[in-house]
Amino acid sequence: MPCATRGATSRRLPSPSSTASVNRPSSPLHKRHGQTREVTFYDRPEHAELRRQVARFVEREVEPNAAAWDEAGFVPREVLRRMGALGWLGLTVPAADGGAGADRVTNVVFQEALARCTSGGFVVTVLVHTDMADPHLVQAGSDAQKRRWLPKMLSGELISAIAVTEADAGSDASALQTRAVVDDAGFALSGSKSIVSNGPHADFATVFAVVQGPEGTPAGVTAFLVDAETPGYLRARDHTCMGFTGFQGELAFDNVRLGEENVLGQVGAGFPMALAWINGNRVRTAAMTVGVARRALARSAGYAARRQQFGQPIASFQAIQLKLADMATELYAAELMVERTAAMLDQGLDIRKEGAMTKLFCSEMVNRAAYEAIQVHGGIGCLAETGIERIYRMVRIFTILEGTSEMQRVTIAGRLMRELAR
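Using our numbering, read the sequence shown as starting at 207 and increasing by one per residue.
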(Lines of atoms letter the chains of each structure in order from A and count residues from 1; the text may use other names and numbers.)
(Lines give C-alpha, C1' and ligand atoms only; values in the text may rest on other atoms or scores of the structure.)
Protein backbone atom coordinates (compact mmCIF):
# COMPACT_ATOMS: atom_id res chain seq x y z
CA MET A 1 0.00 0.00 0.00
CA PRO A 2 1.54 3.32 -1.00
CA CYS A 3 2.01 5.71 1.83
CA ALA A 4 2.52 9.44 1.56
CA THR A 5 2.76 12.31 3.96
CA ARG A 6 0.04 14.94 4.01
CA GLY A 7 2.46 17.32 2.38
CA ALA A 8 3.01 14.95 -0.51
CA THR A 9 -0.71 14.41 -0.79
CA SER A 10 -1.38 18.14 -0.90
CA ARG A 11 0.98 18.46 -3.85
CA ARG A 12 -0.77 15.65 -5.66
CA LEU A 13 -4.36 16.80 -5.07
CA PRO A 14 -5.93 19.91 -6.63
CA SER A 15 -6.42 23.17 -4.83
CA PRO A 16 -9.88 24.73 -4.60
CA SER A 17 -8.90 27.19 -7.33
CA SER A 18 -8.67 24.36 -9.83
CA THR A 19 -12.44 24.01 -10.00
CA ALA A 20 -12.55 26.34 -12.98
CA SER A 21 -11.52 23.40 -15.11
CA VAL A 22 -14.18 20.96 -13.91
CA ASN A 23 -16.62 21.54 -16.76
CA ARG A 24 -15.16 18.93 -19.08
CA PRO A 25 -17.72 16.38 -20.24
CA SER A 26 -16.63 12.88 -21.02
CA SER A 27 -18.15 9.46 -21.43
CA PRO A 28 -18.69 7.30 -18.33
CA LEU A 29 -16.21 4.72 -19.58
CA HIS A 30 -13.00 5.33 -21.46
CA LYS A 31 -10.77 2.82 -23.21
CA ARG A 32 -7.09 3.29 -22.70
CA HIS A 33 -4.37 0.76 -23.49
CA GLY A 34 -7.03 -1.92 -23.86
CA GLN A 35 -8.42 -1.42 -20.36
CA THR A 36 -11.67 0.12 -19.20
CA ARG A 37 -11.31 2.77 -16.53
CA GLU A 38 -13.84 4.96 -14.78
CA VAL A 39 -14.21 8.49 -16.07
CA THR A 40 -16.80 10.89 -14.72
CA PHE A 41 -18.22 14.14 -16.00
CA TYR A 42 -15.92 16.26 -13.84
CA ASP A 43 -12.99 13.87 -13.94
CA ARG A 44 -9.41 15.07 -13.59
CA PRO A 45 -6.27 12.92 -13.86
CA GLU A 46 -5.56 12.98 -10.12
CA HIS A 47 -8.99 11.51 -9.40
CA ALA A 48 -8.08 8.21 -11.04
CA GLU A 49 -5.04 7.86 -8.78
CA LEU A 50 -7.09 8.74 -5.69
CA ARG A 51 -9.72 6.16 -6.63
CA ARG A 52 -7.04 3.55 -7.19
CA GLN A 53 -5.38 4.16 -3.82
CA VAL A 54 -8.66 4.20 -1.90
CA ALA A 55 -9.91 1.08 -3.71
CA ARG A 56 -6.72 -0.79 -2.83
CA PHE A 57 -7.00 0.35 0.80
CA VAL A 58 -10.63 -0.78 0.98
CA GLU A 59 -9.90 -4.20 -0.53
CA ARG A 60 -6.78 -4.86 1.57
CA GLU A 61 -7.54 -3.18 4.87
CA VAL A 62 -11.31 -2.94 5.19
CA GLU A 63 -13.17 -5.70 3.37
CA PRO A 64 -11.35 -8.62 5.07
CA ASN A 65 -12.40 -7.13 8.42
CA ALA A 66 -15.75 -5.54 7.55
CA ALA A 67 -17.99 -8.14 9.18
CA ALA A 68 -15.85 -8.36 12.33
CA TRP A 69 -15.71 -4.58 12.77
CA ASP A 70 -19.44 -4.22 12.35
CA GLU A 71 -20.07 -7.03 14.82
CA ALA A 72 -17.69 -5.47 17.36
CA GLY A 73 -18.97 -1.95 16.65
CA PHE A 74 -15.46 -0.61 16.51
CA VAL A 75 -12.82 0.34 13.94
CA PRO A 76 -9.22 -0.11 15.20
CA ARG A 77 -7.43 3.19 15.66
CA GLU A 78 -4.42 1.88 13.77
CA VAL A 79 -6.53 1.77 10.61
CA LEU A 80 -7.48 5.41 11.08
CA ARG A 81 -3.87 6.35 11.76
CA ARG A 82 -2.87 4.72 8.47
CA MET A 83 -5.49 6.82 6.73
CA GLY A 84 -4.11 9.88 8.48
CA ALA A 85 -0.61 9.07 7.22
CA LEU A 86 -2.01 8.96 3.68
CA GLY A 87 -3.48 12.42 4.13
CA TRP A 88 -7.07 11.25 3.75
CA LEU A 89 -8.42 12.60 7.05
CA GLY A 90 -7.96 16.19 5.91
CA LEU A 91 -8.58 16.31 2.18
CA THR A 92 -10.56 19.56 2.25
CA VAL A 93 -8.66 21.10 5.16
CA PRO A 94 -6.57 24.02 3.87
CA ALA A 95 -2.87 23.35 3.39
CA ALA A 96 -2.12 26.12 5.89
CA ASP A 97 -3.89 24.02 8.54
CA GLY A 98 -2.08 20.80 7.61
CA GLY A 99 -4.56 19.40 5.11
CA ALA A 100 -4.53 18.76 1.37
CA GLY A 101 -6.64 21.74 0.34
CA ALA A 102 -8.71 19.69 -2.10
CA ASP A 103 -12.00 20.85 -3.57
CA ARG A 104 -15.46 19.33 -3.06
CA VAL A 105 -15.39 17.38 -6.33
CA THR A 106 -12.19 15.63 -5.27
CA ASN A 107 -13.71 15.00 -1.87
CA VAL A 108 -16.79 13.27 -3.30
CA VAL A 109 -14.47 11.08 -5.38
CA PHE A 110 -12.85 10.01 -2.09
CA GLN A 111 -16.18 9.56 -0.31
CA GLU A 112 -17.63 7.47 -3.10
CA ALA A 113 -14.54 5.26 -3.34
CA LEU A 114 -14.41 4.75 0.43
CA ALA A 115 -18.09 3.81 0.59
CA ARG A 116 -17.63 0.86 -1.76
CA CYS A 117 -16.86 -1.28 1.27
CA THR A 118 -19.51 -3.31 3.08
CA SER A 119 -18.82 -1.91 6.55
CA GLY A 120 -21.25 0.89 7.24
CA GLY A 121 -19.60 1.55 10.59
CA PHE A 122 -16.21 2.13 9.00
CA VAL A 123 -17.61 4.62 6.50
CA VAL A 124 -19.54 6.52 9.18
CA THR A 125 -16.55 6.64 11.52
CA VAL A 126 -14.36 8.20 8.86
CA LEU A 127 -16.77 10.56 7.13
CA VAL A 128 -18.40 11.95 10.27
CA HIS A 129 -14.87 12.76 11.41
CA THR A 130 -13.67 14.26 8.11
CA ASP A 131 -16.80 15.88 6.72
CA MET A 132 -18.76 16.99 9.76
CA ALA A 133 -16.26 17.66 12.54
CA ASP A 134 -13.27 18.89 10.51
CA PRO A 135 -15.15 21.65 8.64
CA HIS A 136 -16.71 23.14 11.77
CA LEU A 137 -13.32 23.38 13.46
CA VAL A 138 -11.53 24.71 10.37
CA GLN A 139 -14.14 27.36 9.61
CA ALA A 140 -15.07 28.51 13.10
CA GLY A 141 -12.24 27.41 15.38
CA SER A 142 -9.80 29.80 17.01
CA ASP A 143 -6.07 29.40 16.46
CA ALA A 144 -5.78 27.88 19.94
CA GLN A 145 -8.58 25.38 19.25
CA LYS A 146 -7.01 24.37 15.96
CA ARG A 147 -3.63 23.87 17.61
CA ARG A 148 -5.18 21.70 20.28
CA TRP A 149 -7.41 19.48 18.17
CA LEU A 150 -6.67 19.63 14.46
CA PRO A 151 -3.22 17.97 14.16
CA LYS A 152 -4.36 14.86 16.02
CA MET A 153 -7.63 14.79 14.08
CA LEU A 154 -5.72 14.77 10.80
CA SER A 155 -3.34 12.06 12.00
CA GLY A 156 -6.12 9.79 13.26
CA GLU A 157 -4.98 10.00 16.87
CA LEU A 158 -8.27 11.60 17.89
CA ILE A 159 -11.77 10.81 16.67
CA SER A 160 -14.56 13.35 16.84
CA ALA A 161 -18.35 13.37 16.91
CA ILE A 162 -21.11 15.88 16.22
CA ALA A 163 -23.87 15.96 18.84
CA VAL A 164 -27.03 17.70 17.62
CA THR A 165 -30.00 15.29 17.55
CA GLU A 166 -32.13 14.88 20.66
CA ALA A 167 -35.14 12.78 21.52
CA ASP A 168 -37.48 15.69 20.72
CA ALA A 169 -35.26 17.53 18.25
CA GLY A 170 -34.68 15.61 15.04
CA SER A 171 -35.98 17.26 11.87
CA ASP A 172 -36.86 20.26 14.07
CA ALA A 173 -33.36 21.16 15.24
CA SER A 174 -34.66 24.41 16.74
CA ALA A 175 -36.29 22.40 19.55
CA LEU A 176 -33.01 21.61 21.33
CA GLN A 177 -33.33 21.13 25.09
CA THR A 178 -29.65 20.77 26.00
CA ARG A 179 -28.68 23.90 27.91
CA ALA A 180 -25.45 25.73 28.65
CA VAL A 181 -26.23 27.99 31.60
CA VAL A 182 -24.00 31.05 31.98
CA ASP A 183 -22.56 31.72 35.44
CA ASP A 184 -19.52 33.45 36.92
CA ALA A 185 -17.28 30.46 36.14
CA GLY A 186 -18.31 30.08 32.49
CA PHE A 187 -20.94 27.61 31.27
CA ALA A 188 -22.66 24.62 32.87
CA LEU A 189 -23.70 22.15 30.16
CA SER A 190 -26.58 19.77 30.89
CA GLY A 191 -28.78 17.62 28.70
CA SER A 192 -28.55 14.64 26.38
CA LYS A 193 -28.08 13.79 22.71
CA SER A 194 -29.97 10.75 21.49
CA ILE A 195 -28.27 9.61 18.25
CA VAL A 196 -24.61 10.55 17.98
CA SER A 197 -22.51 9.03 15.21
CA ASN A 198 -19.08 8.13 16.65
CA GLY A 199 -20.54 8.84 20.07
CA PRO A 200 -19.38 5.58 21.69
CA HIS A 201 -15.73 6.09 20.70
CA ALA A 202 -15.15 9.81 20.13
CA ASP A 203 -12.38 11.55 22.05
CA PHE A 204 -14.31 14.81 21.90
CA ALA A 205 -17.60 16.07 20.54
CA THR A 206 -18.94 19.26 19.05
CA VAL A 207 -22.08 19.72 21.12
CA PHE A 208 -24.86 22.08 20.09
CA ALA A 209 -26.75 23.58 23.03
CA VAL A 210 -28.92 26.58 23.84
CA VAL A 211 -27.02 29.13 25.92
CA GLN A 212 -29.12 30.42 28.79
CA GLY A 213 -28.23 33.71 30.47
CA PRO A 214 -28.19 34.35 34.23
CA GLU A 215 -31.82 35.45 34.13
CA GLY A 216 -32.92 32.44 32.11
CA THR A 217 -33.05 34.27 28.78
CA PRO A 218 -31.88 32.05 25.88
CA ALA A 219 -28.94 33.52 23.95
CA GLY A 220 -29.19 31.19 20.99
CA VAL A 221 -27.81 27.84 19.93
CA THR A 222 -24.05 27.58 20.44
CA ALA A 223 -21.48 24.96 19.50
CA PHE A 224 -19.07 23.74 22.18
CA LEU A 225 -15.95 21.59 21.85
CA VAL A 226 -16.18 19.12 24.74
CA ASP A 227 -13.38 16.73 25.70
CA ALA A 228 -14.73 13.27 26.51
CA GLU A 229 -12.57 13.23 29.65
CA THR A 230 -14.34 16.27 31.11
CA PRO A 231 -16.21 15.43 34.35
CA GLY A 232 -19.91 15.03 33.65
CA TYR A 233 -19.43 13.91 30.03
CA LEU A 234 -21.20 10.55 29.93
CA ARG A 235 -21.41 7.90 27.24
CA ALA A 236 -24.89 6.95 28.35
CA ARG A 237 -25.42 3.95 26.09
CA ASP A 238 -24.61 2.47 22.70
CA HIS A 239 -27.39 1.98 20.21
CA THR A 240 -28.13 -1.19 18.29
CA CYS A 241 -28.64 0.64 15.02
CA MET A 242 -29.68 -1.06 11.78
CA GLY A 243 -26.50 -1.47 9.74
CA PHE A 244 -24.37 0.55 12.16
CA THR A 245 -24.38 -1.31 15.48
CA GLY A 246 -21.94 0.17 18.00
CA PHE A 247 -21.19 3.30 16.00
CA GLN A 248 -24.20 5.27 17.25
CA GLY A 249 -24.71 6.19 20.85
CA GLU A 250 -26.34 8.47 23.37
CA LEU A 251 -24.36 11.13 25.19
CA ALA A 252 -25.39 12.82 28.42
CA PHE A 253 -23.99 15.96 30.04
CA ASP A 254 -24.32 16.41 33.77
CA ASN A 255 -23.29 19.93 34.74
CA VAL A 256 -20.21 19.83 32.49
CA ARG A 257 -18.04 22.87 33.25
CA LEU A 258 -16.90 24.76 30.16
CA GLY A 259 -15.11 28.02 29.51
CA GLU A 260 -14.84 30.50 26.67
CA GLU A 261 -12.10 28.33 25.19
CA ASN A 262 -14.72 25.64 24.54
CA VAL A 263 -17.00 27.89 22.49
CA LEU A 264 -16.69 27.12 18.78
CA GLY A 265 -17.28 30.34 16.87
CA GLN A 266 -19.53 32.87 18.57
CA VAL A 267 -22.15 32.45 21.27
CA GLY A 268 -25.51 32.19 19.55
CA ALA A 269 -24.02 31.36 16.14
CA GLY A 270 -24.37 27.58 16.35
CA PHE A 271 -27.59 27.22 14.39
CA PRO A 272 -26.37 29.18 11.33
CA MET A 273 -23.14 27.17 11.52
CA ALA A 274 -25.05 23.90 11.37
CA LEU A 275 -27.27 25.11 8.54
CA ALA A 276 -24.27 26.31 6.55
CA TRP A 277 -22.88 22.79 6.44
CA ILE A 278 -26.08 20.83 5.95
CA ASN A 279 -25.94 21.15 2.16
CA GLY A 280 -22.40 19.82 2.09
CA ASN A 281 -23.45 16.99 4.37
CA ARG A 282 -26.25 16.08 1.99
CA VAL A 283 -23.80 15.86 -0.90
CA ARG A 284 -21.51 13.75 1.27
CA THR A 285 -24.34 11.36 2.11
CA ALA A 286 -25.24 11.14 -1.58
CA ALA A 287 -21.62 10.35 -2.47
CA MET A 288 -21.68 7.52 0.04
CA THR A 289 -24.75 6.05 -1.62
CA VAL A 290 -23.00 6.07 -5.00
CA GLY A 291 -20.14 4.03 -3.58
CA VAL A 292 -22.44 1.53 -1.90
CA ALA A 293 -24.61 1.18 -5.01
CA ARG A 294 -21.55 0.65 -7.19
CA ARG A 295 -20.44 -2.25 -5.02
CA ALA A 296 -23.95 -3.72 -4.98
CA LEU A 297 -24.05 -3.55 -8.78
CA ALA A 298 -20.58 -5.06 -9.19
CA ARG A 299 -21.41 -7.91 -6.81
CA SER A 300 -24.71 -8.53 -8.56
CA ALA A 301 -23.28 -8.49 -12.08
CA GLY A 302 -20.41 -10.76 -11.06
CA TYR A 303 -22.72 -13.22 -9.36
CA ALA A 304 -25.13 -13.22 -12.31
CA ALA A 305 -22.28 -14.05 -14.67
CA ARG A 306 -21.16 -17.00 -12.50
CA ARG A 307 -24.44 -18.42 -11.28
CA GLN A 308 -25.69 -21.27 -13.49
CA GLN A 309 -29.36 -22.18 -13.76
CA PHE A 310 -31.01 -24.25 -16.47
CA GLY A 311 -27.63 -24.78 -18.08
CA GLN A 312 -26.68 -21.12 -18.51
CA PRO A 313 -25.60 -18.08 -16.47
CA ILE A 314 -28.55 -16.24 -14.97
CA ALA A 315 -27.12 -13.08 -16.57
CA SER A 316 -28.45 -14.44 -19.86
CA PHE A 317 -32.03 -14.19 -18.61
CA GLN A 318 -33.83 -10.99 -19.52
CA ALA A 319 -35.34 -10.60 -16.04
CA ILE A 320 -31.84 -10.34 -14.55
CA GLN A 321 -30.59 -8.13 -17.37
CA LEU A 322 -33.39 -5.63 -16.75
CA LYS A 323 -32.51 -5.39 -13.07
CA LEU A 324 -28.83 -4.81 -13.80
CA ALA A 325 -29.67 -2.24 -16.48
CA ASP A 326 -31.92 -0.26 -14.14
CA MET A 327 -29.32 -0.36 -11.36
CA ALA A 328 -26.59 0.87 -13.70
CA THR A 329 -28.75 3.63 -15.19
CA GLU A 330 -29.80 5.02 -11.83
CA LEU A 331 -26.21 4.80 -10.58
CA TYR A 332 -25.00 6.80 -13.58
CA ALA A 333 -27.59 9.52 -12.94
CA ALA A 334 -26.75 9.62 -9.23
CA GLU A 335 -23.03 9.96 -9.88
CA LEU A 336 -23.56 12.92 -12.20
CA MET A 337 -25.90 14.60 -9.71
CA VAL A 338 -23.34 14.24 -6.91
CA GLU A 339 -20.43 15.59 -8.91
CA ARG A 340 -22.37 18.47 -10.46
CA THR A 341 -23.75 19.55 -7.08
CA ALA A 342 -20.28 19.32 -5.54
CA ALA A 343 -18.95 21.49 -8.37
CA MET A 344 -21.68 24.04 -7.61
CA LEU A 345 -20.53 24.08 -3.99
CA ASP A 346 -16.97 24.75 -5.14
CA GLN A 347 -18.27 27.70 -7.16
CA GLY A 348 -20.02 29.14 -4.11
CA LEU A 349 -23.51 28.68 -5.55
CA ASP A 350 -26.68 28.21 -3.52
CA ILE A 351 -27.43 24.48 -3.67
CA ARG A 352 -30.32 24.25 -1.24
CA LYS A 353 -32.62 22.89 -3.93
CA GLU A 354 -29.98 20.88 -5.81
CA GLY A 355 -28.53 19.47 -2.59
CA ALA A 356 -31.96 18.28 -1.51
CA MET A 357 -32.63 16.81 -4.96
CA THR A 358 -29.30 15.01 -4.98
CA LYS A 359 -29.69 13.58 -1.50
CA LEU A 360 -33.30 12.55 -2.17
CA PHE A 361 -32.61 10.76 -5.44
CA CYS A 362 -29.39 9.10 -4.34
CA SER A 363 -30.68 7.83 -1.00
CA GLU A 364 -33.73 6.28 -2.62
CA MET A 365 -31.64 4.96 -5.53
CA VAL A 366 -29.31 3.02 -3.25
CA ASN A 367 -32.25 1.43 -1.45
CA ARG A 368 -33.61 0.23 -4.77
CA ALA A 369 -30.16 -1.03 -5.75
CA ALA A 370 -29.77 -2.99 -2.51
CA TYR A 371 -33.23 -4.51 -2.94
CA GLU A 372 -32.46 -5.63 -6.48
CA ALA A 373 -29.07 -6.97 -5.41
CA ILE A 374 -30.85 -9.31 -3.01
CA GLN A 375 -33.23 -10.32 -5.79
CA VAL A 376 -30.38 -11.11 -8.19
CA HIS A 377 -28.59 -13.20 -5.56
CA GLY A 378 -31.73 -14.96 -4.41
CA GLY A 379 -31.59 -16.79 -1.10
CA ILE A 380 -27.81 -16.61 -0.85
CA GLY A 381 -28.06 -12.83 -0.81
CA CYS A 382 -29.65 -13.04 2.64
CA LEU A 383 -26.63 -14.87 4.09
CA ALA A 384 -24.14 -12.81 6.07
CA GLU A 385 -21.08 -14.18 4.30
CA THR A 386 -22.06 -12.64 0.97
CA GLY A 387 -21.94 -9.09 2.31
CA ILE A 388 -25.08 -8.23 0.34
CA GLU A 389 -27.32 -8.44 3.39
CA ARG A 390 -25.01 -6.00 5.19
CA ILE A 391 -25.42 -3.58 2.30
CA TYR A 392 -29.19 -4.04 2.48
CA ARG A 393 -29.24 -3.18 6.19
CA MET A 394 -26.77 -0.33 5.80
CA VAL A 395 -28.60 1.65 3.14
CA ARG A 396 -31.95 2.04 4.90
CA ILE A 397 -30.78 4.94 7.04
CA PHE A 398 -29.69 7.00 4.03
CA THR A 399 -33.28 8.19 3.47
CA ILE A 400 -33.21 9.58 7.02
CA LEU A 401 -29.68 10.98 7.47
CA GLU A 402 -29.31 14.75 6.89
CA GLY A 403 -33.07 15.12 6.60
CA THR A 404 -35.68 12.55 5.65
CA SER A 405 -36.87 12.07 2.08
CA GLU A 406 -40.05 13.87 3.07
CA MET A 407 -38.06 16.88 4.32
CA GLN A 408 -36.06 16.92 1.09
CA ARG A 409 -39.25 17.03 -0.96
CA VAL A 410 -40.60 19.90 1.15
CA THR A 411 -37.33 21.80 0.64
CA ILE A 412 -37.34 21.17 -3.11
CA ALA A 413 -40.96 22.28 -3.49
CA GLY A 414 -40.39 25.38 -1.36
CA ARG A 415 -37.33 26.48 -3.34
CA LEU A 416 -39.10 25.72 -6.62
CA MET A 417 -42.13 27.83 -5.74
CA ARG A 418 -39.90 30.74 -4.72
CA GLU A 419 -38.09 30.55 -8.04
CA LEU A 420 -41.33 30.44 -10.01
CA ALA A 421 -42.69 33.44 -8.09
CA ARG A 422 -39.83 35.71 -9.14
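Simulated from the structure, these hints should not be mistaken for lab results.
Accuracy of the hints is not assured; some may be wrong.
[Stated by the list, open to error] Think about it this way: if two alpha-carbon atoms lie no more than 25 Å apart in a straight line, the pair counts; the simulated SDA-like pairs of lysine to any residue are: (1) Lys559 x Ala627; (2) Lys358 x Ala425; (3) Lys352 x Glu252; (4) Lys358 x Tyr439; (5) Lys559 x Gln518.
[As the list claims (entries may be wrong)] FRET-style restraints, in silico, Cβ to Cβ: (6) Phe280 x Asp460: 24 to 30 Å; (7) Tyr577 x Ala442: 31 to 37 Å; (8) Asp532 x Ala350: 20 to 26 Å; (9) Pro478 x Met623: 19 to 25 Å; (10) Pro424 x Pro357: 48 to 54 Å; (11) Ala539 x Gly376: 24 to 30 Å; (12) Gln527 x Leu622: 58 to 64 Å; (13) Gly585 x Asp374: 39 to 45 Å; (14) Leu481 x Asp532: 31 to 37 Å; (15) Thr610 x Pro357: 21 to 27 Å; (16) Cys588 x Gln518: 35 to 41 Å; (17) Gly584 x Ala539: 23 to 29 Å.
Bear in mind that the values here come from a model prediction, so they are computed numbers and not experimental data.
Where is the CB? At the ideal position from N, CA and C, for every residue including glycine.
Do the hints match the structure? See the list:
1. Lys559 x Ala627: Satisfied, since the Cα-Cα distance of roughly 15 Å is no more than 25 Å.
2. Lys358 x Ala425: The given pair, whose Cα atoms are some 32 Å apart, is violated under the 25 Å limit.
3. Lys352 x Glu252: 28 Å, violated
4. Lys358 x Tyr439: Judged against 25 Å, a Cα distance of about 21 Å means the pair holds.
5. Lys559 x Gln518: This hinted pair is violated, its Cα atoms lying about 47 Å apart.
6. Phe280 x Asp460: 24 to 30 Å: 25 Å, holds
7. Tyr577 x Ala442: 31 to 37 Å: At roughly 34 Å between Cβ atoms, Ala442 and Tyr577 fall inside 31 to 37 Å, so the hint holds.
8. Asp532 x Ala350: 20 to 26 Å: The hinted range 20 to 26 Å is violated for Asp532 and Ala350, with Cβ atoms some 53 Å apart.
9. Pro478 x Met623: 19 to 25 Å: 24 Å, holds
10. Pro424 x Pro357: 48 to 54 Å: 35 Å, violated
11. Ala539 x Gly376: 24 to 30 Å: 29 Å, holds
12. Gln527 x Leu622: 58 to 64 Å: For Gln527 and Leu622 the Cβ distance comes to about 36 Å; the hint is violated.
13. Gly585 x Asp374: 39 to 45 Å: 42 Å, holds
14. Leu481 x Asp532: 31 to 37 Å: 35 Å, holds
15. Thr610 x Pro357: 21 to 27 Å: 37 Å, violated
16. Cys588 x Gln518: 35 to 41 Å: 24 Å, violated
17. Gly584 x Ala539: 23 to 29 Å: Distance hint for Gly584, Ala539 holds at roughly 27 Å.
Consistency note: the structure conflicts with the earlier hints numbered 2, 3, 5, 8, 10, 12, 15, 16.
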